[in-house]
Amino acid sequence: MILEAVASQDLWIWHSFFGLPGSLNDINVLLRSPLFQRLKSGTSPPVEYFVNGNKYNMGYYLADGIYPSWATFVKSFRNPQGNKKIHFTQAQESVRKDVERAFGVLQSRFAMVRGPCRMWDKDTIWYIMTAAVILHNMIIENEKGAEEEDFDYDQDGGEVLRPEDYHRDPLVLSDFLRIHNEIEDRTIHEQLRDDLMEHLWARHGSS
Amino acid sequence: MVLFDDDEDNIMNQFFEDDDESDDDALILSLIAIDEEDERRKKRRRGSVHGREVVYRDIHGGNLRLVADYFADVLVYNDKFFRRRFRMSRNLFLRIVEGVEAHDDYFRQRPNVVGLLGATALQKVVGAIRIPADSMDEVVRIAESTMIEAFKHFVTAVVDVFGDQYLRPPNDDDIGKLLASNERRGWPGMLGCIDCMHWRWKNCPTG
Numbered sequence: 272m273i274l275e276a277v278a279s280q281d282l283w284i285w286h287s288f289f290g291l292p293g294s295l296n297d298i299n300v301l302l303r304s305p306l307f308q309r310l311k312s313g314t315s316p317p318v319e320y321f322v323n324g325n326k327y328n329m330g331y332y333l334a335d336g337i338y339p340s341w342a343t344f345v346k347s348f349r350n351p352q353g354n355k356k357i358h359f360t361q362a363q364e365s366v367r368k369d370v371e372r373a374f375g376v377l378q379s380r381f382a383m384v385r386g387p388c389r390m391w392d393k394d395t396i397w398y399i400m401t402a403a404v405i406l407h408n409m410i411i412e413n414e415k416g417a418e419e420e421d422f423d424y425d426q427d428g429g430e431v432l433r434p435e436d437y438h439r440d441p442l443v444l445s446d447f448l449r450i451h452n453e454i455e456d457r458t459i460h461e462q463l464r465d466d467l468m469e470h471l472w473a474r475h476g477s478s
Numbered sequence: 023m024v025l026f027d028d029d030e031d032n033i034m035n036q037f038f039e040d041d042d043e044s045d046d047d048a049l050i051l052s053l054i055a056i057d058e059e060d061e062r063r064k065k066r067r068r069g070s071v072h073g074r075e076v077v078y079r080d081i082h083g084g085n086l087r088l089v090a091d092y093f094a095d096v097l098v099y100n101d102k103f104f105r106r107r108f109r110m111s112r113n114l115f116l117r118i119v120e121g122v123e124a125h126d127d128y129f130r131q132r133p134n135v136v137g138l139l140g141a142t143a144l145q146k147v148v149g150a151i152r153i154p155a156d157s158m159d160e161v162v163r164i165a166e167s168t169m170i171e172a173f174k175h176f177v178t179a180v181v182d183v184f185g186d187q188y189l190r191p192p193n194d195d196d197i198g199k200l201l202a203s204n205e206r207r208g209w210p211g212m213l214g215c216i217d218c219m220h221w222r223w224k225n226c227p228t229g
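The listed protein sequences correspond, in order, to chains A and B.
Counting in our numbering, the first sequence runs from 272 upward without gaps.
Counting in our numbering, the second sequence runs from 23 upward without gaps.
For reference, chain A alone in the conformation it holds in the complex (with noise of 0.2 Å):
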């Protein structure tokens, strides 16, 4: 069984898609998960920000070096070659490991998770793992310190969760396809990985 998430640098896990088998990779559960769903049906808050004079509209997530070339996410290079991408490259990996240590949390913190699973059927095994993501938040908000900026967890999503229970609205073609080429659009995701090298280069040199 696979567990895909995405988590925070305070190890809040955000997004968690369970329930598919062990026997696909990575690529295969992304595909089949719901994590860009609402980007693509134009229902997610938008976002802009500029990195290196360039502006870009959607948010993206570190990723390791299997997940393909999209805009939403941003990889580190496998051979870096020269101070800017190996300096890239550190601090990508040094952020990325967020969500390895999330998931060494997770797993160490509740029996249920630690071992292999012993039950039966699939939808026991979703809501285990999904109390077991729930309880991990729930325990990451009630530690966190005071001094600590805080996110109002308290806030209902309104969306009330079940296995496998996504479904697409119904959207008009055309925009759906722009922003699905948007998604896996390969030359903003160089473009955007060139920009980022600079801006921590840049940020590098004057600390």
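Because the hints were derived from the structure by calculation, they are not lab data.
Note that the structure is a prediction, hence the values are computed from the model and not measured.
Errors might be hidden in some of the hints.
In the DSSO-like style, the derived pairs of lysine-lysine whose C-alpha atoms are separated by at most 27 Å in a straight line are [to be verified]:
#1 A/Lys393 - B/Lys102
#2 A/Lys355 - A/Lys368
#3 A/Lys326 - B/Lys102
#4 A/Lys415 - A/Lys368
#5 A/Lys415 - A/Lys393
#6 A/Lys368 - A/Lys356
#7 A/Lys346 - B/Lys174
#8 A/Lys326 - A/Lys355
#9 A/Lys326 - B/Lys174
#10 A/Lys346 - A/Lys356
#11 A/Lys326 - A/Lys346
#12 A/Lys356 - A/Lys326
#13 B/Lys174 - A/Lys368
#14 A/Lys415 - B/Lys102
Using the hints provided, position chain B relative to the given structure of chain A.
Leaving out everything else, chain B in the frame of chain A:
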């Protein structure tokens, strides 16, 4: 004489009426008995079974000890122990117990068919969170099978009660904070890190 006759008539009338009613009663009673018999056959658990082994594991003693150990005014094990063993603070734990108990009637302390009270919500949740069920039997005094049952109820209740609050897609406010915090780390536009965790399903149905 006339008076006597009248009386006799009355008695006869009364007798017949009585007879009628008791006939009806008997019919109703037998119908109820048949219904109950059907009901009993339908139930999987049908009370006492001849030759069945009963373990007198002192459920209530288990509850009392649990309360004395972790939840009383004067504790045996203080917060440090609690956190180490339950991986969360006591107030969060009690909040979870309260939440699932209000949601699922299963967690209420209920009497069994002969009127003996069963395990309390506290015992069921402690058993569910610290799952290696057989070894927890010695501590919380619930049988392994009951604990696994409680565990299934627990994960479902957690997802239902806390799911939409603690595992939800980020809203505008969250995204703003995420972007701001990641920009300070040198990653403008980053929303998080994505990865997959593989997890073994021991009893995966095959073939």
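Unsatisfied constraints (hint numbers, rising): Hints 1, 3, 5, 7, 9 and 13 are the ones this structure does not satisfy, whereas the remaining hints hold.
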